[in-house]
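Read top to bottom, the protein sequences are chains A and B.
For the first sequence, our numbering assigns the number 152 to the last residue and increments by one with no breaks.
For the second sequence, our numbering assigns the number 195 to the last residue and increments by one with no breaks.
Incorrect hints may have been included.
[Stated by the list, open to error] Computed spacing ranges between beta-carbons, pair by pair: (1) B/GLY142 <-> A/ASP123: 23 to 33 Å; (2) A/GLU77 <-> B/PRO171: 51 to 61 Å; (3) A/VAL11 <-> B/PRO171: 29 to 39 Å; (4) B/ILE30 <-> A/PRO17: 43 to 53 Å; (5) A/ASP16 <-> B/SER195: 52 to 62 Å.
[Stated by the list, open to error] Residues from chain A that keep clear of chain B, each with C-beta distances beyond 10 Å, as calculated: (6) VAL11; (7) ASP14; (8) ARG26; (9) PRO54; (10) THR60; (11) GLY67; (12) ASP92; (13) ASP145.
[Stated by the list, open to error] Partial list, computed: chain B residues near chain A (C-beta under 10 Å): (14) VAL77; (15) GLY84; (16) MET88.
Please keep in mind that the hints were generated in silico from the structure rather than gathered at the bench.
Quantities reported herein were computed from a predicted structural model and do not represent experimental measurements.
Every residue, glycine too, gets a C-beta built ideally from N, C-alpha and C.
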Amino acid sequence: MIKLGVNGKEVTLDLDPETPLLWALRDELRLTGTKFGCGVAQCGACTVMLDGMPRRSCVTPIGSIDGSEVTTIEGMEGPEIEAVQAAWAALDVPQCGWCQSGQVMSATALLQLVSNPTDEDIDNAMNGNVCRCATYVRIRQAIHDAAKTLEG
Amino acid sequence: MRIMLAAALAAFVSPAAAQVLRGPGDFSGIADQTERSVALFEEMGKVLTHPRCLNCHPVNGGPTQGDDMQPHEPPVVRGVADFGAPGMNCATCHSAENVEFVGSPGSIPGHEPWALAPLSMGWVGLSLGEICAQIKDPERNGGKDLEALHEHNAEDGLVGWGWEPGEGRTPAPGSQELFGELTRAWIDTGSACPS
Numbered sequence: 001m002i003k004l005g006v007n008g009k010e011v012t013l014d015l016d017p018e019t020p021l022l023w024a025l026r027d028e029l030r031l032t033g034t035k036f037g038c039g040v041a042q043c044g045a046c047t048v049m050l051d052g053m054p055r056r057s058c059v060t061p062i063g064s065i066d067g068s069e070v071t072t073i074e075g076m077e078g079p080e081i082e083a084v085q086a087a088w089a090a091l092d093v094p095q096c097g098w099c100q101s102g103q104v105m106s107a108t109a110l111l112q113l114v115s116n117p118t119d120e121d122i123d124n125a126m127n128g129n130v131c132r133c134a135t136y137v138r139i140r141q142a143i144h145d146a147a148k149t150l151e152g
Numbered sequence: 001m002r003i004m005l006a007a008a009l010a011a012f013v014s015p016a017a018a019q020v021l022r023g024p025g026d027f028s029g030i031a032d033q034t035e036r037s038v039a040l041f042e043e044m045g046k047v048l049t050h051p052r053c054l055n056c057h058p059v060n061g062g063p064t065q066g067d068d069m070q071p072h073e074p075p076v077v078r079g080v081a082d083f084g085a086p087g088m089n090c091a092t093c094h095s096a097e098n099v100e101f102v103g104s105p106g107s108i109p110g111h112e113p114w115a116l117a118p119l120s121m122g123w124v125g126l127s128l129g130e131i132c133a134q135i136k137d138p139e140r141n142g143g144k145d146l147e148a149l150h151e152h153n154a155e156d157g158l159v160g161w162g163w164e165p166g167e168g169r170t171p172a173p174g175s176q177e178l179f180g181e182l183t184r185a186w187i188d189t190g191s192a193c194p195s
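Okay, chain B solo, but in the shape it has when bound (with noise of 0.2 Å):
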């Protein structure tokens, strides 16, 4: 009981700590070959949808930030090349590295490059499905087949920022090369989307 209650706190105070990802290899018993692709992107999306990704997937003006997704504070807006106004863009306080506060707990995010990801590519709000067939459209995914999506998910800085997010911030779940492994399989078993 002690134990189940205590698990119940830890999930209660950081959900999206109690995500476990699955590899591949968790979805080799499902033998129909688009049913275990819809598996394995629905798996992806723990990832795609967890906050370290939507915080600056917004699907509309400026970023939300923290766990619980709060609007960033201070107010920030896009910008038209999705890094912040003029006199007060991203770099104003983001640098290329996460920075531990000095005297304070936590700290403030920051890789090379900081940046929002495109209006295309939000997806804040937006099914797994709709998430989907978002990301292999490349009039908005910037461009990418599923080779350069492969490599994106499995090789990207900032990607990758996802699970080394800093102090303060729970990681996305896994890792990015289990991330960039369970991308290989979807691609393999034909990259389906959920419905």
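Just chain A, with the same shape it has in the complex (with noise of 0.2 Å):
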């Protein structure tokens, strides 16, 4: 049995200690907010918060993280992805919106650690995110957008 915190509430899985926290999530926990687009850490779609940073989940064991606190896409609560969500609605930052729950999660960490981010900080933190309709342009101003609101 593992016990993790989801989105503040504890759950336990009854799971192969080995399987990646994204199935857990998807078909276990039905919180089918965070996608799977790889499954080898290489696309950042599967990105949660894990303990409070940003982690892909599709390489995350469930058994390697036991106590822990998991944030999902759905569970993400604050003025950072306030700020990033007005900021994507605004600009039509989705294509297919495939990889946009994991691009949030990302760039919401980002904010949270940089309040200020240049372009060198958005495109380091943001690089491992892939978006195969290329929104990166958008992603990256509303990114920007996003700084904005928050220094009010």
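Make the complex out of the two chains shown on their own, each in a separate frame, by following the hints.
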């Protein structure tokens, strides 16, 4: 039995400890906002917060994070996620949308760590989030816009 | 002929796997102590210049990966703490242990800690003589004297990862135990460096 906090609630998972967190979130807990993209930590679609830091859930066996706190796109709260969501909507950032929950998670994590990121900061933090619709220019602009919103 | 062909093919497929690490006893025939010490370090060099070590001992920005030392994918930067960028550091993907992929061959490497060697300990592209001088220099090796260097080579967990790198990566030649014995013998013979 693996115990996790998921979006503020304690859950107990009766699964193989080798099960990737992504599988547990989507198939067991039905939290399907977190996406499967590549399964090999190359695309970022499966990004969640693990104890407050971004983490690729497709390469995270649940047995390795027993007792940790996981936050998915469904459970994100706070000024950074609100600013990111508003900027995303204002700029119509998503195209097909598949990668976007991972993009939003990484963008939010960046803004929690760096309040006024440069283009280089954004590229370095977002390099691991692939968008096959190539919305990168809008993603970068939306992060700048969200940072401005947070500045007040 | 068939055996030779198979051996050549194996070497082509995985050149790193063809390396064998000799032990200190294999150098006992070298009478001159300094020459023996140099030869011992050159043997250690098989480990030091193996992709498992070089990939995280770069002389510039981020790490390389794989037996062919390709640039790390996704692109990553060294960062101020040799641990990546804010928002995407090493721990975004790498955990405390190697993790096999589900549904695909291969694995993502991991260990606690997992980070780049500091820039002062980068040695990609350096000669063995330059690497030798570098790793003996406390100014560049993290303040280690020779005994601490031996302990690092013989006992450090992240060094030891080089022999247990997970599916899809060729281990460093020999074993950490043998690497430690070579380091011990090299120190005991004067820790001489190749010219």
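Consistency of the hints with the structure:
As the Cβ distance of B/GLY142 to A/ASP123 is approximately 30 Å, the hint placing it in 23 to 33 Å holds. Here the CB-CB span from A/GLU77 to B/PRO171 is close to 45 Å, at odds with the stated 51 to 61 Å. A hinted range of 29 to 39 Å for the beta carbons of A/VAL11 and B/PRO171 is consistent with their spacing of about 38 Å. For B/ILE30 and A/PRO17, the hinted distance range of 43 to 53 Å is satisfied, since their beta carbons lie about 51 Å from each other.
Here the CB-CB span from A/ASP16 to B/SER195 is close to 55 Å, well matched to the stated 52 to 62 Å. Every CB of chain B is more than 10 Å from the CB of A/VAL11 (nearest about 20 Å), matching its label as outside the interface. For A/ASP14, the shortest C-beta to C-beta distance to chain B comes to about 18 Å, beyond the 10 Å cut-off, and the non-interface label holds. Residue-level check passed: A/ARG26 sits 13 Å from the nearest beta carbon of chain B, beyond 10 Å.
Separation of A/PRO54 from chain B is inadequate, the least Cβ-Cβ distance of about 5 Å not exceeding the 10 Å criterion. Here A/THR60 does not stay apart from chain B, with its beta-carbon only about 7 Å from theirs, under the 10 Å limit. At the 10 Å boundary, the C-beta of A/GLY67 stays outside the reach of chain B, the nearest C-beta of that chain being 14 Å off. The claim that A/ASP92 lies off the interface holds: its Cβ sits roughly 23 Å from the closest Cβ of chain B, which is beyond the 10 Å cut-off.
Listed as a non-interface residue, A/ASP145 keeps its Cβ farther than 10 Å from every Cβ of chain B; the least gap is roughly 17 Å. The closest approach between the C-beta of B/VAL77 and any C-beta of chain A is roughly 5 Å, which is under the 10 Å cut-off, so the hint is satisfied. The criterion of a C-beta within 10 Å of any C-beta in chain A is met by B/GLY84, whose closest approach is roughly 8 Å, and the hint holds. Using the Cβ-Cβ criterion of 10 Å, the hint placing B/MET88 at the interface with chain A is satisfied: the shortest such distance is roughly 5 Å.
Violated hints, in rising order: 2, 9 and 10; the structure is consistent with all others.
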